[in-house]
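Take the sequences, apply the hints, and build the full model.
Spelled out from the first residue to the last, the chains are:
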Amino acid sequence: MAEEFNTEGMLDMYLFENGQLLEQLQEIVLEQKDADGFDEESMNEIFRTMHTIKGSSGVMMFEGITALAHKLEDVFYYLRESHPEHVPHMELVTHVLDVADFISAEMEKLQNGESADGDPKKLIAGLDKFLASIKGETKKEKENIIKKNVHEEPTQFYLAPMYTEASHFYKIYLTYSEGIELANVHAYKAVYALKEMAEDVLYLPEDILTNEKSADEIMENGFKILLQAQCTEADIRAVIREGYELEKVEICECTPAEFGRGFDCFGSEIQITLDSAEKDVKEKEEKPKTRVEKPMAPGDFVIESKGPGKQKKLAKDKARKQEKASFISVDVNKMDMLMDLIGELVISESVVLQNPDLRVPGLKLDNFNKAAAQMAKISTDLQNVIMSMRMVPLTNTFQKMNRIVFDASRKLGKDVEFQMVGDTTEVDKNIIEHISDPLMHLVRNSVDHGIEENEERAKKGKKDKGKITLSAKTESGKVWIGVTDNGAGLDRKKILEKAKKQGLLDPTRDENTYSDKEVYQFITLPGFSTNDKVTELSGRGVGMDVVVSNLQAIGGSLEIESIPGVGSTMNMKIPLTLAIIDGIVMEVGDSSFVMETGIVKEFVGIRDNQIVQEPDGKEFVMIRGEGYPVLRVGEWYGMKNYHADTEDGMLVIIEVDKQIVCLLVDRLVGKQEIVVKPIPEYVKKVKGLSGCTQLGDGSIALIIDAAGLLE
Amino acid sequence: MGNTEEEGKEKEQQKYVTFQSGNEFFGIQIQYVNEIIVFQQITEIPECASYIKGLINLRGKIIPVVDVRLRFGKEEVPYNDRTCIIVLNVNGMVVGLIVEKIAEVVEIPDENIFPSPTIGKGDASHHVFVKSIGKIGNSVKLLLDPERLLNDEDVAAIEQMDTQKSAETGE
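The listed protein sequences correspond, in order, to chains A and B.
Using the numbering used here, the first residue of the first sequence is number 1, and each one after it goes up by one.
Using the numbering used here, the first residue of the second sequence is number 1001, and each one after it goes up by one.
It is worth saying that the hints were derived from the structure and are not from the lab.
A hint or two may mislead.
Taking lysine-lysine pairs in the DSSO-like style, the calculated list, with each CA pair at most 27 Å apart, reads [unchecked claim]: (1) A:Lys685 - B:Lys1101; (2) A:Lys684 - B:Lys1015; (3) B:Lys1061 - A:Lys429; (4) A:Lys685 - B:Lys1074; (5) A:Lys684 - B:Lys1074; (6) B:Lys1061 - A:Lys573.
The following block contains the structure:
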């Protein structure tokens, strides 16, 4: 039982970690998809990712994933080590994404309790072909191959190094003079010199630059180098000369097979060569032999690759790991529970602090009040922390869209650029879950319908590339997520025609009386598509209506703006449930209302004579020579006990969408950070209210959604 | 073991929380009842059905409350210290039910439960909410269908109107 539980935990961890790795991988790949090739760092990163996935999948015995990851790792190993030119970058990107997709799919199967039974043979064959093709290219150019940063690669132990017939393999053994300081630096100098002419260099101890103790080890055991190069022994000797610090340089050629085995071939060989030489060296040699073998034990390479093998990258690697370790995934239910409990705590706090028992005349409460203030501070902090815990930046969601743009644009043969604006906008986690599907639809639509074909763009004289911009911002208590393209824009005429055909138009209305907004709204109806051809991506008329219904489910809406020939923008307006907003609390009658601070311009106390009433009952107020419409909140909502007298109330001047409105409320209470909670579904949507919140004393205030109020 | 569990469940299903409204006693199956709390401050919500009295803060959770008298179409009575709120959980929807007086929790075996008598088809006043009638000795409890109480056609109609309205304003 216990064991079973254990493997389950392992699977969870496996899925979680690899999921993150794959996300990172996609990010890297897409970041550089438009470049001519991956830079060194990303190549290393992709290599490492594949390596880790291979390792952990091996442990979990998911053979398909292991094999595939291994193959991709091979490809990147080759790319990294041999720097072949003319790598078809797009093809490579596709391969990497295919592999990522395959692994993601397998992981999803695992998550659903199925077995990872996908067959990666096709993908592996594809990679093989790709690898062969780039290898073929480079053979011709082998003269130009210069190796860099090879020393960072301990994983070569189990991979056959690439070599050509002209390559020679050497084992070099350096002994430093006794009493030399910083032998590790000297050793690095030698390695550095060799790298100039080497195709591959391995050395032991590996951590000469990062580990000062390696100096002692070198002094004790000597410094061993495995070199693959197209040079002769004399060349090497020319580079590494015996001198005052270098007591002895031993070089012997070996076979590629031996080279491939790594340092364990060292022991025996050196022993033989040393037999005639210094016997004490041989004795010392025995020790490292056992040490050296360790990293090469089969199956150990996973750990080893993260071990002390990567000098320069090591520091960076560690930092990354720490960063990862500082995140844990928590069950959302537990967080909800915590939040409810904190809510209760706040209420009971106010019950204690404002307890009627304390109101005894003459009671000295100085110390109590001090302690109470401290406690209030802590509970406020606590509340803020739990709120911020639920907030997640949109970056990841947007990043995924990048992938969709990439896939869709390739499929359609369009050049499309992708841009993100405001992706760090934080949104409640459950909102993110709800918007990724609609967002995906919108992005696909924009690539498919919005952006024109390359030739068409050229014909129209549009010089810039097709571009999809994802933007996010918070405004008046809502999150706005926009998908903007610089394509053709919506065709009003076409939409109207189609709407007419489907009988959606009001026959009594003139076509021209429909506003653009109304016309564009047609495309959100089920079964409505202006794309004449049904493509793999869109055109079936499902999509927009799904988007709208998904958004409506979470209380959001979709706004469409479009300028013919310039492009269109789809704006999703989503409520910020559970978000914290800075609000002004005010009272009308027996109820409290909250309004977002950002939209409030000013508060004014006014006299009756400043209010002007139009014959139809509409009122406006003259302030500093400007007339603004007045809305009496109490009257508007038909409330009881509100102050009917204007002079008793307070005028709150708000600005929404460049429109200025004055709300007449009874009393201002104060400014407060509030937690937006949705109004329970049971209560149907009320105009102008976007949610509710709990005030410090436990009472409930309704949040006024100014934009909704104006509609 | 499965048997006793089932039996226990059955017994649970036969338990009803009863409350008094006017002269009648009503019962709600105990499985729908989360808890019973004393009356507390209600925040009114403008522009919604009159029987939805507003929102209360139930330990950090904001839930709507419904006045059962208004729901039944009777006139409102002032709340007093006997007024209670029964917190119902119907298919995940948590709603408070304001009742004048809580009576007791009773067990009504299935054989004592009868469909409510009707006079023709037009008699629909209580009928919408009352699922059946439970007999205990000589007294009668009207057993409510909580789902209908919260979610009947009435609400559906309002909802429909609302969506239509919002669709119109949305355009």
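Checked hints:
1. A:Lys685 - B:Lys1101: Given pair Lys685 (chain A), Lys1101 (chain B) is violated - Cα atoms ~31 Å apart, limit 27 Å.
2. A:Lys684 - B:Lys1015: Given pair Lys684 (chain A), Lys1015 (chain B) is violated - Cα atoms ~32 Å apart, limit 27 Å.
3. B:Lys1061 - A:Lys429: holds (19 Å)
4. A:Lys685 - B:Lys1074: holds (25 Å)
5. A:Lys684 - B:Lys1074: The given pair, whose Cα atoms are some 22 Å apart, holds under the 27 Å limit.
6. B:Lys1061 - A:Lys573: holds (25 Å)
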